[in-house]
Structure formats: structure tokens, C-alpha cells
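Visitor: Chains as they are written, first to last, in my numbering: chain A, 1 to 790; chain B, 1001 to 1124.
Keep in mind that the hints were calculated from the coordinates and are not lab data. None of the values given here were measured: they were computed from a predicted structure. Glycine residues also receive a C-beta, built at the ideal position from the N, C-alpha and C atoms. One or more of the hints may lead you astray.
Distance ranges between label pairs, derived from CB positions [said to hold, decoys possible]:
{"id": "1", "chain 1": "A", "residue 1": "Lys22", "chain 2": "B", "residue 2": "Ile1043", "range": "57 to 65 Å"}
{"id": "2", "chain 1": "A", "residue 1": "Thr576", "chain 2": "B", "residue 2": "Asp1071", "range": "14 to 22 Å"}
{"id": "3", "chain 1": "B", "residue 1": "Ile1043", "chain 2": "A", "residue 2": "Ala545", "range": "44 to 52 Å"}
{"id": "4", "chain 1": "B", "residue 1": "Asp1071", "chain 2": "A", "residue 2": "Met756", "range": "53 to 61 Å"}
{"id": "5", "chain 1": "B", "residue 1": "Ile1043", "chain 2": "A", "residue 2": "Tyr717", "range": "50 to 58 Å"}
{"id": "6", "chain 1": "B", "residue 1": "Ile1043", "chain 2": "A", "residue 2": "Val593", "range": "14 to 22 Å"}
{"id": "7", "chain 1": "B", "residue 1": "Asp1071", "chain 2": "A", "residue 2": "Ala755", "range": "17 to 25 Å"}
{"id": "8", "chain 1": "A", "residue 1": "Gly682", "chain 2": "B", "residue 2": "Ile1043", "range": "51 to 59 Å"}
One-sided and incomplete, this derived list gives chain A residues near chain B with beta-carbon spacing under 7 Å [stated by the list, open to error]:
{"id": "9", "residue": "Leu543"}
{"id": "10", "residue": "Leu546"}
{"id": "11", "residue": "Trp685"}
{"id": "12", "residue": "Asp687"}
{"id": "13", "residue": "Ile689"}
{"id": "14", "residue": "Ile698"}
{"id": "15", "residue": "Leu706"}
{"id": "16", "residue": "Val723"}
{"id": "17", "residue": "Ile731"}
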Amino acid sequence: MSLGWTVLSGFILAAIAPFIHKFTKNATGWLLSLLPLGIAFYLFTTYFAPVTSGETFVATIPWFADLGANLTFYLDGLSLMFALLISVFGFFIIIYAGGYLKGDPHLGRFYLYLIMFMASMLGVVLASNLIGLFIFWELTSISSFFLIGYKYKYLSARKAAQQALLITGLGGLALLAGFILIGLGTGTFELTEILQNPEALKTLPAFPAILIFLILGAFTKSAQWPFHVWLPNAMEAPTPVSAYLHSATMVKAGIYLLARFSPLMEGVAAWQITLTSIGAITALMAAILALKASDLKQILAYSTLIALGTLTLLIGSGTEAAFKAAMVFLLAHSLYKGALFMAAGAIDHEAGTRDIRELGGLIGKMPITFFAVLLAGISMAGLPPAFGFIGKELSYKALLYGENIFVLAALLTNMGLFAASIVVIAKPFFGKFKAAKDKVHEAPLSLFFGPVVLATSSIVFGFFPGFLDKLMTAAQKSLLGVQHAGKDVHLHLFPETFSDPAFILSMITFAVGAVIFLLWRPVFNGLNAIAPRLDIGPARWYLWALEDLERFAKWQTRRIQTGNLRNDIRYSFIFTFALVAYALYRSKLSFTVDFSGLMIYDFIVFFLMLGGAFAAVRANTRLSAITALGAVGFSVALVFIVYAAPDLAITQFMIETLVVIIIALVIVRLPSFHLHERANVGGRWRDAIIAGVAGLCITLTMLVVLQQPLNTNLSEYFAAESVPHGKGHNIVNVILVDFRGVDTMGEISVLAIAAMGVYALLKFGRKEPEDELDLADKSGDELGEKLGEK
Amino acid sequence: MESLLSIAVGILFATGIYMMLRRNLIKFIFGFMLMGNGINLLIFTVGRLTRGTAPIVPEELEYLDGSVIQDFANPLPQALILTAIVIGFGFVAFSLVLLYRTYTVEKSLDTDMLQESVLPEVTP
């Protein structure tokens, strides 16, 4: 139960965060950060020991129990590691956000989004029910949409938010499809049960589809090629968001999903091939792009892509060593990337720019920030004695068991990553002093608190990786699944021998990476020079798809909703009667035409009506049209008389008379009928055909409907109840004023409103004839004042 | 008679729709009135026609039971149509005045011309 509250409490706090912010102002960040700190503390003290010794926990909050959708939560090594990362980083990020966005008018709202995002992420990694997992998954997409688009006044921020939402949202839909297929196939939506029996899933006929949907969901979220485009653009978000989304959360949700399902995919070739190859492509591509960027945040974003690609590659490799490497590398990446993003934000905040070409020599001005960047950068570069070094060694070791091509890909990728890391450390801090502001100060405590703690721990864990042995062992077991025991993980900084192949690969990485760093400027210029010619990648595809969708929408709007009344009506009728015609076609058109029992006056009424209708169409003058309409109305009334509807007949007579009088009164003020209808014979014929087909459809529909038996239940009820309950013998009247009295009251209200409208329109017309042409331009208030004066 | 009235309703719809598609807005209203009459007749006809006996419970009876009701006209469509006639009247009266106002402001009742004069250019 309390496991569920670690997730739900976040949503509650998110809802009240804006109100808290109103009272606590600048202290809000420190105050709100207590919740994630509390969650982390609770998880650590309560669950760390049992989970690392192999226990798992399940908690259920009943929800739609009948549909098999409960809020069930599940905690094992993998989810514990993620939950700890999310809550600990949440703690640092909220404090950082309070300092970074100090004085921002919408800061209260920002806390709401940020905490909601954190709670959703906790939900994703702790949910056991797949439907619950999907809902939290979508919640992360939605809250990240708000976070990325937080600076909504900038077009680029709105576009980036839209892109992230579209791509991750589509992936989410795929995921839902996959989950539903799993649920239908295995008969349960509970991860705990599905994980117990991998064979049940693998033997499903829908398994290939499930595989594709799961991979789509994970790849869109974790920005794998070709869905990676949204991630660099998401840098539009305020830095705290980038730091959070790219270090411990959002993008790691896809990795979590892959890791979560990896015990179920053991030995599935399609899964392994897709993950390893796409992961390698993503990492390699990102390594090149990282050298092309000059914005600190962009460089870090591409290095995040490198990490995500590497993680996907490792999880896809599917060996025990690879899983171990993946978990260690994931933790290492979170630590250094969180620190670096926050430090980049601090530099931006204090120096006024993030472009490394415009920065330099900040070491004297911002020594604490430099300290954080240096330690985190060493870890990112994979240099000893940082924790990142251990992660990289393990990756090389794991990949050396597999295909050589992936070793090569990892080697090239790490060279780029190494160079990019050194660029991030060196360019802003060394050399001649350069900044967008003249006076540069050290960042305040709230801005360097997180980076320093995280960067320091990158190094501490490098020296003492033994602290993490238990957690890594538990996490790795989750990836291996219940069938495999798995060896305990024992991490150590240096390899047993220096002739270890992985260590040699590391040395090559450092050497070539250093050369790339020295040649950074030419490499940067070269890549940027050829970039426009290579602009054919997924970013282009996304734009094309979006533009074509827009173009199509505009085209069909222009074509169908022209704003021309006749055109709009025409399309409405065509569409409506196309549907009617389809229904007729489905009904097989079985009907009989029966003219028996007709009296002579039936024909007289019929022809009177038709004559009136055609005369109205052909009428050349207004008066003849009114007369013809009157004839139609009165012949309808005659039908009512003949077929026993005296109430209708009298109403029709009265209304028809009134209408004719009103029309006659109004129409003398209107232009004559000879409104030179453009001599458009083709248009007339087209309209005549549309109208004729519509009329035919109606006639046929009626004939078909008349073949059906009439349901008289209601009529019989009214007939039986009107005297006993309605105290009236005229059934129609009793229906109107009694059985359907509210309906009649509504009708009276409609008439009253119409009458008021008529009165108002006529009054305006008469009082200010000279101002009439200005009416359209004046606001209602001005108009009211004018009328008041008179 | 149901078959004959079905044809009549079809023709009222056809003439009504044709008039609604003319350029003159007065014709639009006339067309709407024709179609409105057609709709009322449609509801009336598919509720089945009964010659002569109105749906009124005779003084001496307490109610019409299942065996007698077949001889009486169906009261339900009549009640619906009564509402429809009155609402239709409200619609016609209001739109006529609206038309009048449009004419005093725009000096035209030509839908094609009105479109150009009223609609501002929409920029995407």
C-alpha cells in the first residue's frame, strides 16, 4: 500500500504546489524537494535491504477491478534502482529549478508540471499492471510536453513540445496496442504474472506484433534512430527540465521498458538484432552530431543519445555481462549527465550564453561550477578514476563476447564521446576570458548544490564501487529473469591485468579521442559545412510528414469549407445523402408502392402541393413565390385534416397565415427577386441533380421504412394513460402539456428568445439608420453607450 | 396514400434543397420552408395514416386499449409535428429579420457577394 503512495503522493503535491508557491516564494524549491528526498529515504530504508537480498514487493490499490485494471505496484532490483534515481534526482532538480527560474511569473505552474512528471516516472517504473504502466507512460509524455513548451512564447519551444508529444505519443499508442495484445493473449495484465512465464508470451500467435509495438514504444521514448529528432529539440526546455529528462527520467523510461521485458525476450533473434543494430546506429550517429554542435546543451543532448544507443545495444546483446554493463553505465550516465546539464545551465545563467565558441576562461570566475564540470566530465569521458570508466570498461568487456562490428561501433562512439567531454570541460573554462556578460559571478548555492554532489559521487563511486555491488546485482537479476541465478556483481576500479583487451580498447579511445579534441575546430567546421547537404535524415521526414498533413488539412478546408454558404450547404447535403444512399443500398431496397384506396381529393391535395412547390421554384416575383409557398402550406394542412390530425391542421393554418403576412411585410423592404442569378446553367443543373437525388433518396427511404412494422408501444401508453393520469381526452394535447411538458416549455423558450432577437434586430435597425454601416466595426459597449445617450 | 405522400415529400425535399442552393438569401429561406413542410409530412406519414378518427378518447371511455387504438390516428407523431411547426415558425421569423438586417448593413442578399464583403482575409 505504502508503495503506491510513493507514486500517488507526488500527484497530490503537484496539485497543491502552485498554492504553496504563493506563500513560500523563493523557498519553494527547497521545501518541495523534501518530498522526493522523503521518498528516496523511505525506499532506501524500507526496501533496500530486502530487495538487494532477493525479495520483491507487490502492492495493490483497487481501481477498475472488473476490467482487470488495478493500480498494482511491483518493486524489484530494477525498479528500485530507477525509483531511487528518479527521487534523488527529483530532489536536486527541484532545488535547482527554484534557483534557476527565480522570479519567473509562472514558477508555481512549473513546479506542478515538474512534480507531476516525477510522480509519473515513479509510476512507470513501479507499476505492475500494464494498463497502469501505460497511463503513467502517457502522463510522462503529457507533462514533458508542458515542460518542454514551458517558454511557450517562443515558436521553437512550441514546435519542440509538439514534436516530443507527437513522437512519444504515437509510440505510446503502439505500446498500448502491444500491452492489450499481451493482456488478451496471456489473460493477465500483471507484469508479475507475465514475468513468471516467458514461454506463454513467446508462443502467442500475436507475438511478432507485440514485439514490434513494444520496440516502437521504447524507441520513441528513448529517442532511438530514427525517432531521435525530438530529443535535441527538447533542449528548448528550461535547463532544469533538460537535466531531469535526460539524466534519470523520460528517455530512460524506454530503456526501463526494454530492460523490464528483456527476460521475456531471451533468445528472440528479432529483438536482439533490432536492439543491437539500432542502438549502435543511434550511438554512432549521435557521436558525430555531438562534434557538430557548439551549444553546450546540444552537445550534452547528443551525448545523451550516445548513452541511450549504447544502453539499447547492451540490453539487446542479452548476455549477463552486457546487462551488468548496462546497469552500471546507466547509473554512471545519470550521475554525470545530471551534473553537467545543471552546470551548463549555471554557466548560461551567469555568463549569458551557452555557445562554447563565445565562452572561455571562466575557471577563475566560477571555480565551484568548474569543479563540478571537471569531475562529471571525467566520468563522461570514461577516464579513471571516475565511475564512468568502470561503465565503459564493462561495456567493452561485454561487447567483446559478441559481434566484432559492435565493438568497432562502440569504439568509434566512445572516441567521439571522449572528445566531446573534453570540449565541454575545456572550452568554457580555459583560454582567454570570454562571456556574453561583462561581470560573471559564481552561481548561487541552489545552482551548484546539485552538480557538485552528483559530480562528486561520480568520482566517489569510482573509487569505491563496492557500495553499489548489491544494488547492481539485484538490478541485473531483474534483467536476467527468474530462470537464471546470475552471479553476484563485484565492481572494481582497475582491471586485474593491464593487458586486458577492454583496457587496451580504452587506451585507444583516449588516444584517438584526444586527437579529435585537438582538431575540434576543423572537425566542427567541416561537419557543419557538409551538414546542409546531408539534411535528408529523420528530422526532414518528420517535417515532411507534418507539412504534408498541414497542407492536406488546408487543402480540404479550402475545398470543402470555403465560407461560401451555398458551397458549404452543398457539401453538407452531398455527404448526408451519400450516407442515406448507402443505408438504402444496405436495406436492399425492398418496398411496395400501393396506390389503392385513394380518393379524388387525395389527388387534388397532392397536385396542389406539387404545383405550389414547383411554382415557388420557378417564381419570378417575390409575391408569386409567397403565394406558391402559401399554397404548399395550406395543402399540408389539408393533409392533416384528411388524416385525422385536427390539432395539426389548425396550427398549420394559423402559422401559415402568419408566415405569409410576416414575409409580405418584410419582403417589401428587401431587394426584388430579379437578383440577376448569374447565367450559370451548368451550376443550376448540378444543383438540380443534387436536389433530385436527395428527394429520390427521401422517397425511397420512406417507402422502405413504411415496410417495417410500426412500434406503437409509446402511442398505446399515451392513449391508455391520458385520461387517468393526464385528465384530458385529447391525447395530442395531453402529450404536449403533460407527458412532454418540459419539452413544450423548451419550445416556448425558443420562441421567446426568437421574439427577443427579432425585436432587438428591428430596434437597432430603426434607431440609427445613419450609423448602420459603422456597426460592424464598433464593439458592443460603444454601441450600448450610443443607444443610452439617445 | 402513404406511397403518394412519400413521393410528395421527396418532391418537397428536392424543390426545397434546390432553392436553398440559390444565390438569393430570400430563396434560401423559402427553400427551407418547403423542406420544413416536407419534414413534417415525413414524420406524419411514417407514423402511418388513418382516415377520419382523431386521437381523442371518446367522452364515455376512460382510455383507448390495444384493440380500439388501431382505428384511431397515431397521436405521437402529431405531438412531435406540432412542436416542429411552431419551432419552424420561430426560425423563419427570426431569419427573415436577420435577412432584413443583413440587407440594411450590406446592401445585398447575394450569398456570393456577402462572402467577399463580410469575411476578413484569414492568414494562416
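Visitor: Have a go at the Leu546 of chain A hint: is there a Cβ in chain B nearer than 7 Å to its own Cβ?
Guide: Violated - the Cβ of Leu546 of chain A stays beyond 7 Å from chain B, reaching only about 14 Å at its closest.
Visitor: Can you let me know if the beta-carbon spacing of Ile1043 of chain B and Val593 of chain A is within 14 to 22 Å?
Guide: 20 Å Cβ-Cβ, so the 14 to 22 Å window holds.
Visitor: Check the following: the C-beta atoms of Ile1043 of chain B and Ala545 of chain A are separated by a distance inside 44 to 52 Å.
Guide: holds (48 Å)
Visitor: Do the numbers back the hint for Leu543 of chain A, that is, is its least Cβ distance to chain B under 7 Å?
Guide: Cβ of Leu543 of chain A sits 16 Å from chain B, so the hint is violated.
Visitor: Tell me if the interface restraint on Asp687 of chain A is satisfied: Cβ within less than 7 Å of some Cβ in chain B.
Guide: Asp687 of chain A check passes; min Cβ-Cβ to chain B is 4 Å, inside 7 Å.
Visitor: Classify the hint on Ile689 of chain A as holds or violated, based on whether any CB of chain B lies nearer than 7 Å to its CB.
Guide: Interface hint status for Ile689 of chain A: violated (10 Å vs cutoff 7 Å).
Visitor: Regarding the hint that Trp685 of chain A lies at the interface with chain B, is the smallest CB-CB distance below 7 Å?
Guide: Interface hint status for Trp685 of chain A: violated (11 Å vs cutoff 7 Å).
Visitor: Tell me if the beta carbons of Ile1043 of chain B and Tyr717 of chain A are separated by a distance inside 50 to 58 Å.
Guide: Since the Cβ atoms of Ile1043 of chain B and Tyr717 of chain A sit about 19 Å apart, the hinted range of 50 to 58 Å is violated.
Visitor: Does the CB of Ile731 of chain A sit less than 7 Å away from some CB of chain B?
Guide: holds (4 Å)
Visitor: Assuming the hint says 53 to 61 Å, is it satisfied by the Cβ distance from Asp1071 of chain B to Met756 of chain A or not?
Guide: 44 Å Cβ-Cβ, so the 53 to 61 Å window is violated.
Visitor: Using the Cβ atoms, figure out if Thr576 of chain A sits within 14 to 22 Å of Asp1071 of chain B.
Guide: violated (37 Å)
Visitor: Hint check: is the beta carbon of Val723 of chain A less than 7 Å from a beta carbon of chain B?
Guide: holds (5 Å)
The structure is inconsistent with the numbered hints 2, 4, 5, 7, 8, 9, 10, 11, 13, although it conforms to all the rest.
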